[in-house]
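Number of protein chains: 2
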Amino acid sequence: MQKIYLAGPDVFLPDAVEIGRRKKELCARYGFEGLFPFDNEIDAKAAGADKLIYQANEAMIRRADLGICNLTPFRGASADAGTVFELGLLVGLGKRVYGYTNVTEDYIARCQKLGGASFDPARQVWRDANAMTVENFGNADNLMIDSALIVHGIHRIVRHAAAPERLFQDLTGFEICLRLAAEAVAKSA
Amino acid sequence: MQKIYLAGPDVFLPDAVEIGRRKKELCARYGFEGLFPFDNEIDAKAAGADKLIYQANEAMIRRADLGICNLTPFRGASADAGTVFELGLLVGLGKRVYGYTNVTEDYIARCQKLGGASFDPARQVWRDANAMTVENFGNADNLMIDSALIVHGIHRIVRHAAAPERLFQDLTGFEICLRLAAEAVAKSA
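Protein sequence lines, in the order shown, are assigned to chains G and X. Heads up: the first sequence begins at 15 in our numbering, then just goes up one per residue. Heads up: the second sequence begins at 15 in our numbering, then just goes up one per residue.
You may find that some hints are simply not true.
Identical copies look the same in the list; a pair holds intra-copy or inter-copy alike.
Calculated lysine-lysine pairs in the DSBU-like style (CA-CA distance at most 30 angstroms, straight line) [as the list claims (entries may be wrong)]:
#, residue 1, residue 2
1, K127, K201
2, K38, K59
3, K127, K17
4, K127, K38
5, K17, K65
Source of the hints: derived by calculation from the structure; they are not laboratory data.
Here chain G stands alone, though its shape is the one from the complex (with noise of 0.2 angstroms):
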């Protein structure tokens, strides 16, 4: 049975443990096992918690034969800083990679509203207040996230609008991930 890491923020949600076991058992309704990272059990006091807890999610991602990551913006204008560090990760690994966002709208939709984004006209392209070049390539993120889902897995990101109220906990295109992922392995077999 190939397993899958779970990468999202989701392990920062009060209810990560439930949203986990969700995962896991919708996983195995598609013929996976999944393996989330708060199954790790470490004691986040502990002094130098931070570096176990890296250590343990890196071997979890070691053990994995594909990735599925929620790469709903956070914090900003882009994914979770540690999911999309994994992300990395998986694709170093040569692991296959799956990801889906619960907004639909483009990096840049979302740029132009958190920090204003303006058109310049003499090099024809659009910056943030900063005046640095924001990406409009009808992307969900930065294009090092969406190709590399598209080079190394077998689709774009999975855009779906979830309700605002639910938006880290909707597993509508989490669930699509796996569809893909079980026909890729039916696929191969």
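Dock chain X against chain G, hints included.
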């Protein structure tokens, strides 16, 4: 001569070419060859440019021996998502990693300013406006980033207080990373 991949949101600066030139010049001064993503000459207006840029950056990272990542917070609480992805990729590919940030405050201090964070006395953790836990390990960013540098590099994130108007141009932290990398090479020789 070892090659250093120069990751960072520097590529979004109006003077990206000049910053790349300065970084590569500093690399040479410390005995390294700097690889700057902008050196992949891709027309960003061409169809499918995002995927081509991704593939050129990934190929450049694979050619590199190590990476120095500009982890200055970008459009939110954390470092630039593209840079964080590349940090993960470097780690997955077994390259040594270094990183710097041009702000000195802890992650939690930024979260408190950005979106507000309040203390949950029942669970003894900090939470953001979505009730999601805010890490409080005294790190510069998400624990996966800080710990990756410690586990796979030789030094924690180098923090330097740049002047606000030189937030993305100040290369003091970058040069400290170069010095650390050069010392590591000398030691292993």
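Results for each hint:
no.	hint	result
1	K127 to K201	neither (42 angstroms within a copy, 49 angstroms between copies)
2	K38 to K59	within (26 angstroms within a copy, 42 angstroms between copies)
3	K127 to K17	neither (38 angstroms within a copy, 39 angstroms between copies)
4	K127 to K38	neither (35 angstroms within a copy, 35 angstroms between copies)
5	K17 to K65	both (24 angstroms within a copy, 28 angstroms between copies)
Taken one by one, the earlier hints fail for this structure at numbers 1, 3, 4, listed in ascending order.
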